[in-house]
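Using the supplied hints, reconstruct the complex from the two chains, each of which is provided in its own coordinate frame.
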Amino acid sequence: MKHTFLLRMSTETKITPQSQQDKKDLEKFIKFLALKSIQVIVQSRLGNKTHTKCKPQSTGSDWFNLAIKDNAEVLAEAKKHISNQLPTIGTSMCVEVSLRTAEGDSMILEIWCLGMNDRCDTNAKVHYAVYNRMGLLLKSLICMCRVTPAYKLARKQGSDFGIFYRIFYGAANLSALGEGFESLRVGSVATPIGTITLTAAYRTKLAIPDRRASNSTPMAVKDDHFQTSPKRLSARHCNQSSSGLEKDVFAQYSVTQSQDLCTSTFSTSPPDSTCIQAPQTDCKPHKYTQPINVTTVNRTRTSSESKPTSLPDTPGSFSSGQKRGAFVTTEKSPPDQGDVFPVDIPFMSLLQEHTPCEPPKNKSLVAAKKASVDQPTDQTASTGSNKSNSSQLSATDDFVMVELKPAFAKTNSCSDLGVFYRECQAAAPLLTFDDCVKTENIPNELFQNELSDQLHLYEEQLFVFDDFVKSLQEDCSDSSS
Amino acid sequence: LQSVEGRQIEEVVLSIFHTLLFHRTTGKFHYKREGTYSIGTVGFIDKDCDFIDFTFVRCSSNELDQALKREISAFKDGLRNSEGPLTGQITLEFYQRKKTRWPFPSECIPWEVWTIKLNVVTLTNEYERQICREKVGEILGEKVSHQTSGPPNASVAATMRKLFKDTLAL
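These protein sequences, in sequence, are chains A and B.
This note's numbering puts the first residue of the first sequence at 1, with every later residue one more than the last.
This note's numbering puts the first residue of the second sequence at 1, with every later residue one more than the last.
Isolated chain B (complex conformation) (with noise of 0.2 Å):
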């Protein structure tokens, strides 16, 4: 749970977000022919926060980013406007549809899911903006570091093992 202010829960959630959509964006996919293909390349671009001292990477597409930002800016509009104490989540799923016999409906199966908490909070002067802003880069720092430096090769058994205990929290 992130103490953040107001105006910096859009670009906390962005930066967080876009770095582990770069990490697991892959080029498009060319099939030419049976069992060969070739993929495509991807560009990115450095993003610098107007409210955090941080500067993120993300995907070069606009597309990607412009549905991020409505579902965020939905996010922060929720959390803006409810009463009492604005405390909110906003998670990221990545996961895989598998299809299934008729008449079901197509199965979703989880693969990651990424939860960022946020608790909102009112700083009265500017100097507690400015350490509150460079508090937050730190703490994206260290965020970014954890996701993109994450077990390397997992196999699938250790993967599930993992899953498995996270979900029972021990």
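Just chain A, with the same shape it has in the complex (with noise of 0.2 Å):
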């Protein structure tokens, strides 16, 4: 289809440039361009690596001249959204990416936004001038969705936790990507009727406070992170089912339990549209191991600073969800106490299994490792402290800084790892600084004074310096009119 258009194009703008032909055009290729936007942002955070193979001839589904295969799901969710509107200008597409652990704890990671300003280039050629940029800005989008911490995220889901995502038009709530998110402008393309942006938004905070903190122990709370699925899925389940304003398609963690799982429903997102999950190409057993996944939990669940951005974290939505898990699922194991607080002796037994293989992960962890140390007892402090509380040290320590801490790390002190950091973030100081240290008052004056008077010095040349800039950007307007 669009090898022929192709073929067509060169002899027809020629004819009737800027003709409603162009607009219609136009029009297609903002929609293959959203279509093609989406299924790049999804098919990143499905947790697949991705290879399409280059083709000489181009085919009628290989849009802007590059292999983004067509996920089914994907397409037949993007469509519902680009059918009926395109993105305008002041009314984006937005593609909202989502994480939820298996505890149905949710927080959106990052959001991807098509837009369009007012800024018309009326002499942008619709063809191949347009086209060809919109194929740069997705080559540009393909190579963005590899940097965000999304994808990494992304490549370690399992049953611990899914991505998920979300399409709607109009303006994105940034403030749900916590404190200190960032933004990413990943490019624009002009044409007749406005520019196209598409920018992205982060968080850069991935923690989820622990709403367990109450019931448990922090070993508890590690316990539950390594047993395997049945037990988790349960509660899990119960937790969706408990609120619900949404549809939702939850992750199909293993081949028996997807019948009971495929839909359920949701209080996590606004009710206006579908959450759909990415979803997952292969439902065997994930390829990481577990101490891998318990890594990337923990680093979820590191500060409690980040708010969940919907579910109700209350205890209590916790233990009305363990009701309702023995009524919805036929599990093997009834979801008693020990389903979210198991015993030691399986606890342990994948402990010595995984734990001495893993090699110290990254500082990330280490700080996660304490975070979870730390966490009071109580549900209302966990919410804002950082605080150690020693009194918890001796049973997690066993299990977490004895087997995964880095090799000179200490024992018992919980000031340990943080004066390391610092130490190691803190740059070395310059050695001019270091002389004033040593030398004391005089030399720093003197310092001083030589610094000043240098600074004086170029503020009095300063116009020379501004001459010879203009003389050059005279040179350049010159030598490009």
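Hints listed in this document are in silico derivations from the structure and should not be mistaken for laboratory results.
Where is the CB? At the ideal position from N, CA and C, for every residue including glycine.
Each hint should be verified, as a subset may be incorrect.
Computed spacing ranges between beta-carbons, pair by pair [what the hints assert, rightly or not]:
id: 1; chain 1: B; residue 1: Trp-114; chain 2: A; residue 2: Lys-53; range: 24 to 30 Å
id: 2; chain 1: B; residue 1: Glu-138; chain 2: A; residue 2: Asp-121; range: 33 to 39 Å
id: 3; chain 1: A; residue 1: Phe-463; chain 2: B; residue 2: Glu-34; range: 56 to 62 Å
id: 4; chain 1: B; residue 1: Glu-128; chain 2: A; residue 2: Val-469; range: 40 to 46 Å
id: 5; chain 1: A; residue 1: Thr-91; chain 2: B; residue 2: Glu-138; range: 29 to 35 Å
id: 6; chain 1: B; residue 1: Arg-33; chain 2: A; residue 2: Leu-174; range: 47 to 53 Å
id: 7; chain 1: B; residue 1: Gln-89; chain 2: A; residue 2: Pro-56; range: 33 to 39 Å
id: 8; chain 1: A; residue 1: Gly-170; chain 2: B; residue 2: Lys-32; range: 40 to 46 Å
id: 9; chain 1: A; residue 1: Leu-472; chain 2: B; residue 2: Glu-34; range: 40 to 46 Å
id: 10; chain 1: B; residue 1: Phe-94; chain 2: A; residue 2: Ala-129; range: 17 to 23 Å
id: 11; chain 1: A; residue 1: Phe-463; chain 2: B; residue 2: Gln-2; range: 33 to 39 Å
id: 12; chain 1: A; residue 1: Ala-129; chain 2: B; residue 2: Lys-32; range: 19 to 25 Å
id: 13; chain 1: B; residue 1: Leu-123; chain 2: A; residue 2: Val-469; range: 39 to 45 Å
id: 14; chain 1: A; residue 1: Leu-174; chain 2: B; residue 2: Gly-84; range: 46 to 52 Å
Shown next, in the form of structure tokens:
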């Protein structure tokens, strides 16, 4: 389809530049740009590696001369939104990517926005110039999708957490990304009806407050992470069905349980549109080993500062979820107390099996461990506090610090890590300042005088520099005109 | 100038150069008859780094990958075998080849020049390695987003002006 269109193009543009046909084509281009953008974003969050082949001859589906495969499910969802509306001035199309843990916690990781502003470029040729730039924009998007933190999380998703997406029109609520979110400008394409912009904003604080702190020791929290899916699934399932404004397709964590989990309700997102999980293309057990999964979950639970984006995170909701789990599923294990806080023996065996082969993961892991060690037993306190609670250390240290800590961390002090971290982060002092410190006040003054003299000299000669720049700019404009 | 470990050299350079090449690669052109042509399709592959926490995208062309690896491998060997402070740079240049009148050889006009300067460090323990692994990954992420979201639709005049100023280090 597109292939023949390409062949037609060059002759058509000569006859009727800026014609009605151009306008129609531009709309079509924007539509496919939106569709392909959604494919690129969602496919990069499936947790798989992409591999598409180059083709010397394009076929109908190879829009923008880029081999972006269409995932049927994603395409169907995208078309629902694209068929009625396209991104126009003032109305952006957003793709929101969020994370949900097995416990039912969720948070928005990033929002990609395809929008348009009113800067029109009437000279931009729809055929080829705009089309090719859209291709470039998609290439930028492909590269950028691998850069944000959500990409790494998506690659690690498994039974502990899954990545979801949602498409909607309107303004993105960036405050949902927590404090210190960052923005990216992927690129823009000027067209005769406005400039298409593609931007993204992403969360930098990847943490979910622990809502079970009031019920359990940190040990039990850890324990739960090590559990294999059946027990936790009932809990998650309950949490899903306990609230429910919105239909949700949840992750299929294993083949056997997928039937039970296909649809259930959630209250996590605004009710205006459907939230669909990035489809898992394989339902096999996750390739990452458990300790790595634990690592990622730990990391997401690191700081207790960021809020859960939506689920009612009260201890009550969890317990009510438990009750419902018994009715909803026919799980092998009844959702009893052991469901949430399993006994020590399976945990110990898992620990022995996995932890010795795991290298110290990274700095943030250490921080994560410390944070989980430090979780106060009180739920309310846990939302804001990072202070250590040394009374809890003995139990958790055995599990967390001994097995996974970096070689030079000490066994029992909470401050060591902080000290070490500061040491690593602090830049080495400049030699000049070193000298100043050594020789105390007088050289310091001398140094300052010298510096101010120098600054003064430069300021005096500022006009020389200005003239020089001006002359260069004149040169530039001459040479360009 | 970025400090990297010896074993990271290849991946640092590959990830930056491959991203650039992917971004600047077009599909194969087929001229049909006068004034008409069709363009082929560019496929791509996600490539995970072994020694850096980073994934980059490259064109799905093994020939391109091998050509790049050959050059970078030579660069790495040169860097690792040299004496004294291990610092080096490698450049990727996009240029236009312009035919000139006989007997002069064809002229090469550089369009873009990308240079990576590396400082090779030796790390003593796994913890430092892990930090380095993450940090280099972060820096590569910044570089990639810088590369791919450059000024859009820059006119030739603006590009030339920028080139002129860059050359004079203004």
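A quick look at each hint next to the structure:
no., hint, in the structure
1, B:Trp-114 x A:Lys-53: 24 to 30 Å, "27 Å, holds"
2, B:Glu-138 x A:Asp-121: 33 to 39 Å, "35 Å, holds"
3, A:Phe-463 x B:Glu-34: 56 to 62 Å, "58 Å, holds"
4, B:Glu-128 x A:Val-469: 40 to 46 Å, "44 Å, holds"
5, A:Thr-91 x B:Glu-138: 29 to 35 Å, "34 Å, holds"
6, B:Arg-33 x A:Leu-174: 47 to 53 Å, "51 Å, holds"
7, B:Gln-89 x A:Pro-56: 33 to 39 Å, "35 Å, holds"
8, A:Gly-170 x B:Lys-32: 40 to 46 Å, "44 Å, holds"
9, A:Leu-472 x B:Glu-34: 40 to 46 Å, "44 Å, holds"
10, B:Phe-94 x A:Ala-129: 17 to 23 Å, "20 Å, holds"
11, A:Phe-463 x B:Gln-2: 33 to 39 Å, "37 Å, holds"
12, A:Ala-129 x B:Lys-32: 19 to 25 Å, "20 Å, holds"
13, B:Leu-123 x A:Val-469: 39 to 45 Å, "43 Å, holds"
14, A:Leu-174 x B:Gly-84: 46 to 52 Å, "49 Å, holds"
Consistency with the previously given hints is maintained throughout, with no hint failing.
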